[in-house]
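Peer 1: Sequence lines, in order, name chains A and B. For the first sequence, this note's numbering gives the first residue as 1, with consecutive numbering after it. For the second sequence, this note's numbering gives the first residue as 376, with consecutive numbering after it.
Hints are not guaranteed to be accurate.
Claimed, not checked - Calculated pairs, DSSO-like style, for lysine-lysine (alpha carbon to alpha carbon, straight line, at most 30 Å):
id	chain 1	residue 1	chain 2	residue 2
1	B	K685	B	K382
2	B	K566	B	K498
3	B	K636	A	K290
4	B	K566	B	K655
5	B	K636	A	K72
6	A	K280	B	K382
7	B	K595	B	K636
8	A	K279	B	K477
9	B	K498	A	K102
10	B	K377	A	K290
11	B	K654	A	K80
12	A	K102	B	K719
13	A	K72	B	K477
14	A	K261	B	K447
15	B	K636	A	K102
It should be emphasised that the hints constitute simulated quantities derived from the structure, not laboratory data.
Protein chains: 2
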Amino acid sequence: MKIVCSKENLLRGLNIAMRAVPVRTTMTILECILIDAQASRIRLVSNDMEMGIETFVDGDILEKGIAALDAKILYEIVRKLPENDITIRIDENYSAVITCEKSRFQIPAQPGDDFTVPPMVEKNSLLTMSQFTLKEMIRQTIFSIASNENNKLMTGELFEIRDNVLRIVSLDGHRISVRSMPLAGQYDDIKVIVPGKTLNEISKILSGEMDDQVSIYFSKNHVLFELENTILVSRLIEGEYFRIDQMLVAEYETRVTVNRKELLDCIDRATLLVREGDKKPLIIRIMDGKMELLIDSSMGSMNEDMEIDKKGKDILIGFNPRFLIDALRAVSDEEVSIDLINPKAPCFIRDDEGRYIYLILPVNINAVQYTRENE
Amino acid sequence: MKIVCSKENLLRGLNIAMRAVPVRTTMTILECILIDAQASRIRLVSNDMEMGIETFVDGDILEKGIAALDAKILYEIVRKLPENDITIRIDENYSAVITCEKSRFQIPAQPGDDFTVPPMVEKNSLLTMSQFTLKEMIRQTIFSIASNENNKLMTGELFEIRDNVLRIVSLDGHRISVRSMPLAGQYDDIKVIVPGKTLNEISKILSGEMDDQVSIYFSKNHVLFELENTILVSRLIEGEYFRIDQMLVAEYETRVTVNRKELLDCIDRATLLVREGDKKPLIIRIMDGKMELLIDSSMGSMNEDMEIDKKGKDILIGFNPRFLIDALRAVSDEEVSIDLINPKAPCFIRDDEGRYIYLILPVNINAVQYTRENE
Numbered sequence: 001m002k003i004v005c006s007k008e009n010l011l012r013g014l015n016i017a018m019r020a021v022p023v024r025t026t027m028t029i030l031e032c033i034l035i036d037a038q039a040s041r042i043r044l045v046s047n048d049m050e051m052g053i054e055t056f057v058d059g060d061i062l063e064k065g066i067a068a069l070d071a072k073i074l075y076e077i078v079r080k081l082p083e084n085d086i087t088i089r090i091d092e093n094y095s096a097v098i099t100c101e102k103s104r105f106q107i108p109a110q111p112g113d114d115f116t117v118p119p120m121v122e123k124n125s126l127l128t129m130s131q132f133t134l135k136e137m138i139r140q141t142i143f144s145i146a147s148n149e150n151n152k153l154m155t156g157e158l159f160e161i162r163d164n165v166l167r168i169v170s171l172d173g174h175r176i177s178v179r180s181m182p183l184a185g186q187y188d189d190i191k192v193i194v195p196g197k198t199l200n201e202i203s204k205i206l207s208g209e210m211d212d213q214v215s216i217y218f219s220k221n222h223v224l225f226e227l228e229n230t231i232l233v234s235r236l237i238e239g240e241y242f243r244i245d246q247m248l249v250a251e252y253e254t255r256v257t258v259n260r261k262e263l264l265d266c267i268d269r270a271t272l273l274v275r276e277g278d279k280k281p282l283i284i285r286i287m288d289g290k291m292e293l294l295i296d297s298s299m300g301s302m303n304e305d306m307e308i309d310k311k312g313k314d315i316l317i318g319f320n321p322r323f324l325i326d327a328l329r330a331v332s333d334e335e336v337s338i339d340l341i342n343p344k345a346p347c348f349i350r351d352d353e354g355r356y357i358y359l360i361l362p363v364n365i366n367a368v369q370y371t372r373e374n375e
Numbered sequence: 376m377k378i379v380c381s382k383e384n385l386l387r388g389l390n391i392a393m394r395a396v397p398v399r400t401t402m403t404i405l406e407c408i409l410i411d412a413q414a415s416r417i418r419l420v421s422n423d424m425e426m427g428i429e430t431f432v433d434g435d436i437l438e439k440g441i442a443a444l445d446a447k448i449l450y451e452i453v454r455k456l457p458e459n460d461i462t463i464r465i466d467e468n469y470s471a472v473i474t475c476e477k478s479r480f481q482i483p484a485q486p487g488d489d490f491t492v493p494p495m496v497e498k499n500s501l502l503t504m505s506q507f508t509l510k511e512m513i514r515q516t517i518f519s520i521a522s523n524e525n526n527k528l529m530t531g532e533l534f535e536i537r538d539n540v541l542r543i544v545s546l547d548g549h550r551i552s553v554r555s556m557p558l559a560g561q562y563d564d565i566k567v568i569v570p571g572k573t574l575n576e577i578s579k580i581l582s583g584e585m586d587d588q589v590s591i592y593f594s595k596n597h598v599l600f601e602l603e604n605t606i607l608v609s610r611l612i613e614g615e616y617f618r619i620d621q622m623l624v625a626e627y628e629t630r631v632t633v634n635r636k637e638l639l640d641c642i643d644r645a646t647l648l649v650r651e652g653d654k655k656p657l658i659i660r661i662m663d664g665k666m667e668l669l670i671d672s673s674m675g676s677m678n679e680d681m682e683i684d685k686k687g688k689d690i691l692i693g694f695n696p697r698f699l700i701d702a703l704r705a706v707s708d709e710e711v712s713i714d715l716i717n718p719k720a721p722c723f724i725r726d727d728e729g730r731y732i733y734l735i736l737p738v739n740i741n742a743v744q745y746t747r748e749n750e
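Go ahead and model the full structure; you've got the sequences and the hints to work with.
Peer 2: Below is the structure:
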């Protein structure tokens, strides 16, 4: 095999393919990237057995062939070579020579047929959307998947199409994040759970441009994302996702409208008095026209008043400040509405159009203590 | 005590004072910054017992006083407060209240007289230079101090004035770095060893501007750096520094002149085949008009030719590539000269004006192996 391509093109391809190279694996062949130059285009393939990536690189095939190269070494070599054409030649003894200008690297290669290629997924059940929108919808929900594997379902996100609306949902037992988008056209109903890791990786490959498209195909056990020149295939998580609709109540006793950035800054300041692992709640006291934030820890105390617009009852409630920060960062609106029911019931940060809903459970607080101390 | 100053000024002062707050200490009071508002200006003081910093902050003293506040908490609070005036009030019970706009923090303070202030150093034996020059001279030598404490002398740098020339020297047993600068005016001879940690910290405080001045005072056991608004005092390392002059020979058998950036890039590429802790030497073969770099490791091999200008004999020599990279990065000249004597003798990277000398010991290589394999 002998191929020539510009450093720029090769590096762009490797940057994508590296995302499915496992960090740790017992199958050392998976630490490689497969270079497939058997047909008319150069194709890079990687696979961590949960997720596989194929990406095409522009370049010339001088001698057809296929072989696998250690992904990390190949990537480092290409990254450090001069900005010029790079030649990769792999001989019948699987010795690879990588040259660029006067620089010449020699590293061992592996036969291509030792490599486990990702599964072929039938391309039916298609959904096409802008890369920007998918990237945003993932960003706005991915933070509330569970980080531990105790409940496998919580480590993924629900992708659901119902009545031609796409809904992406994540939850971790303390909060639920929901992003919805009406689709143009007619779609079959779909309900699958995509692993969080897959979504993190596809997110990094998506361009974030409104004009670039991504196609998504669902099969029984797999999801396939297709971009220009790149395909990412991932297993789905098996199982029945949680029924969340009954938890997303629309009623409220108190509705607060507040500047999002100001509230974020204020919570951010409050949390510096909370050490990692310390479960100090942020106390929020809502009155007419004013919201007071309080925190009290072994390091000191902090309180701050904010101007708000309020409808309904006064309320005193406690939250894990981290959960409020995550939800407020996901939203880009200048002002947000927070709906509350009572100090034991979840709050909802949501917009009128139903594009997003963030449900956050409160933390139990000793209301009497805060009422006495501050009045 | 009650002071008011802008967030910007206070943060600038804290950024400087934080540099002498110890990360770990058995004297918890040293984790504090002393706020001294007893006289006409606000002064921040920190001290890790090796090094002390005093810096003045512009602001108003509304009630005179002195107290110490936990450095890390104070710094985090100030950093996250809005861009506006910050008030710090510390009452007779050493409860500190920090307010800014509607935000109010309460943290405990310590009495000022519990704090160990840095020693007073008599300001004689003065040297004044531009902050840019000092910062550069430190940057160009600090990398070759020893990182472990086995030989205390090697963890510092020699500051020597002789015949009105300032010379800064560092060495770690494998290499020596020397930067010299002729001084304008008459100076007493001086020979002291300044701790590497002190030089790292003063480096970060120095502005790097040619027009800003720094004054340096030496006493028997201390060095004092004085900038506008800031003083840094440090202990010196006791002992007699190594005699390096007999090692800095001027003769050579081979002189190579080479483009610095190209050589750096080439060595940088070669080192990616060397794993951390692996002691593979970089082999350099110097011939007429051409230098060949070779590396051979368990990961693969690399070779690259470079155009050079050569005077004297051909030579085959091995080096720790890290040492060459450090020296080549310290220099800013477009072309560098490398003087060599034989494969067992150190090489010298130096300029004609005697501004810098980098001595690097070679690594023993099996010359026969490389001669046979490549010819």
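Peer 1: Work down the list of hints and note, for each, if the structure agrees.
Peer 2: Going down the list of hints, with the structure as the test:
1. Only pairs whose Cα atoms come within 30 Å are accepted, and B:K685 paired with B:K382 is rejected, the gap being roughly 58 Å.
2. Between B:K566 and B:K498 the CA atoms are separated by roughly 17 Å; this keeps the pair inside 30 Å, and the hint holds.
3. Straight-line distance between C-alpha atoms of B:K636 and A:K290 comes to about 61 Å, which puts the hinted pair past the 30 Å bound.
4. The hinted pair formed by B:K566 and B:K655 fails the criterion: a straight-line CA distance of about 37 Å is larger than 30 Å.
5. Distance hint between B:K636 and A:K72 is fulfilled; the C-alpha atoms sit about 25 Å from each other, no more than 30 Å.
6. Between A:K280 and B:K382 the alpha-carbon distance is near 27 Å, which keeps this suggested pair within the 30 Å criterion.
7. Taking the CA atoms of B:K595 and B:K636, the gap is near 42 Å; set against the 30 Å cutoff, the hint is violated.
8. Using a Cα cut-off of 30 Å, the hinted pair A:K279 and B:K477 holds, with the two alpha carbons roughly 25 Å apart.
9. Among the hinted pairs, B:K498 with A:K102 is inconsistent with the structure: their alpha-carbon atoms are about 57 Å apart, more than 30 Å.
10. The hinted pair formed by B:K377 and A:K290 meets the criterion: a straight-line CA distance of about 28 Å does not exceed 30 Å.
11. For the suggested pair B:K654 and A:K80, the alpha carbons sit about 21 Å apart, so the restraint of at most 30 Å is met.
12. The straight-line distance between the Cα atoms of A:K102 and B:K719 is roughly 28 Å, inside the 30 Å bound, and the hint therefore holds.
13. Proximity of A:K72 to B:K477 is assessed by CA-CA distance (about 52 Å); at most 30 Å being required, the pair is judged violated.
14. Taking the CA atoms of A:K261 and B:K447, the gap is near 25 Å; set against the 30 Å cutoff, the hint holds.
15. Only pairs whose Cα atoms come within 30 Å are accepted, and B:K636 paired with A:K102 is accepted, the gap being roughly 15 Å.
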